[in-house]
Amino acid sequence: MSPLAKFREAARRFGHGNAWLLAASRALALLFGQRVRIFKYYFMAQPIAGMGTARPRGGTFDLRWVRDGWPLFSQVERPSSVIAARFAQGARCLAAVTNESELAGFLWFTVGPYEEDEVRARFCPEPVGASAWDFDVWVLPRYRMGRLLSYLWGVAGAQLIEEGVGQTLSRISAFNAESLASHRRMGGRVVGEAVFFCAGRWQLTKCSLAPKWHLSWREDQRPEIHVGNGGP
Amino acid sequence: MDISDHVRNILRDVLSLGSRADRLDGNSALLGALPELDSMAVVNVIAALEDQFGFTVEDDEINGATFATLGSLVEFVSTKQTDRVGPAG
Numbered sequence: 017m018s019p020l021a022k023f024r025e026a027a028r029r030f031g032h033g034n035a036w037l038l039a040a041s042r043a044l045a046l047l048f049g050q051r052v053r054i055f056k057y058y059f060m061a062q063p064i065a066g067m068g069t070a071r072p073r074g075g076t077f078d079l080r081w082v083r084d085g086w087p088l089f090s091q092v093e094r095p096s097s098v099i100a101a102r103f104a105q106g107a108r109c110l111a112a113v114t115n116e117s118e119l120a121g122f123l124w125f126t127v128g129p130y131e132e133d134e135v136r137a138r139f140c141p142e143p144v145g146a147s148a149w150d151f152d153v154w155v156l157p158r159y160r161m162g163r164l165l166s167y168l169w170g171v172a173g174a175q176l177i178e179e180g181v182g183q184t185l186s187r188i189s190a191f192n193a194e195s196l197a198s199h200r201r202m203g204g205r206v207v208g209e210a211v212f213f214c215a216g217r218w219q220l221t222k223c224s225l226a227p228k229w230h231l232s233w234r235e236d237q238r239p240e241i242h243v244g245n246g247g248p
Numbered sequence: 021m022d023i024s025d026h027v028r029n030i031l032r033d034v035l036s037l038g039s040r041a042d043r044l045d046g047n048s049a050l051l052g053a054l055p056e057l058d059s060m061a062v063v064n065v066i067a068a069l070e071d072q073f074g075f076t077v078e079d080d081e082i083n084g085a086t087f088a089t090l091g092s093l094v095e096f097v098s099t100k101q102t103d104r105v106g107p108a109g
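Those protein sequence lines, which keep their order, are chains A and B.
The first sequence maps to residues 17 to 248 in the numbering used here.
The second sequence maps to residues 21 to 109 in the numbering used here.
Hint data in this document are derived by calculation from the structure and do not stem from the laboratory.
Mixed in with the good hints, there may be bad ones.
Short, incomplete list of chain A residues facing chain B, as computed with Cβ under 10 Å [claimed, not checked]: (1) Gly74; (2) Phe77; (3) Trp81; (4) Gly85; (5) Val155.
From the three backbone atoms N, C-alpha and C, an ideal C-beta is built for every residue, glycine too.
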């Protein structure tokens, strides 16, 4: 496919603005490798009620809440330091196991601020205490066309509703049209967006939500973005 | 109505395919070709198959290959129906 045809296809799938951003991101990656990158996220709010099936049937999947050091984490490509950092910030993980030995899927969330690990940012779900932030929802490929994802959301959702949490927020790449469409079909709606320009240790953030603009160059500097019920 | 038409109608209704469903034949790809058929929507398709054909689908019976094409899904339904009725004779 020619570059022009690729651009047209990207424009059809993501919109013209995002297609230009994706083209710029790829061009910069060619020139500078991983040192210069552009990320664009849409923030999505998803009502928890009605998501998934809270009562897994049969005995194929065993769903359990797991902690740091759980041995089956070694089956996925997540550095142990990343797993430890997630638990250290209060994240919870619901995992599905088959045959007592195979990690079939998991989902993660926090009920409170989440320190993003792809860019430097702290995402704060609002209203505080009534919203969760979900991330790294993963299912082993051979179980993706089955009920497992529904079970994970059903069980996690039932727990969250019991705690008074009615919606979950997440960031979806603007270049992942399938995930955006899937979230929309489940009742999700876009409540904001942000672009992160990363060059070495420099990071410029442009966001539809406060603080709108943010420039950082140190690891301990990051925008705190409050994501909730507002529109973009 | 044969099984193929019945399954096609289920896909049309559950995934809101409209007239696109009419163009599906046995060789038509489902997984990867129908954006509506994602890992959450598939649960509704399975539930509709169970409801309308009267069988139960266990979690370890289904995978991506089941939903590869309309033909593979129809074959799955046919096998389930045969299992439910039992061998003839």
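So, going through the hints one by one against the coordinates:
{"no.": "1", "hint": "Gly74", "in the structure": "holds (5 Å)"}
{"no.": "2", "hint": "Phe77", "in the structure": "holds (6 Å)"}
{"no.": "3", "hint": "Trp81", "in the structure": "violated (20 Å)"}
{"no.": "4", "hint": "Gly85", "in the structure": "violated (28 Å)"}
{"no.": "5", "hint": "Val155", "in the structure": "holds (7 Å)"}
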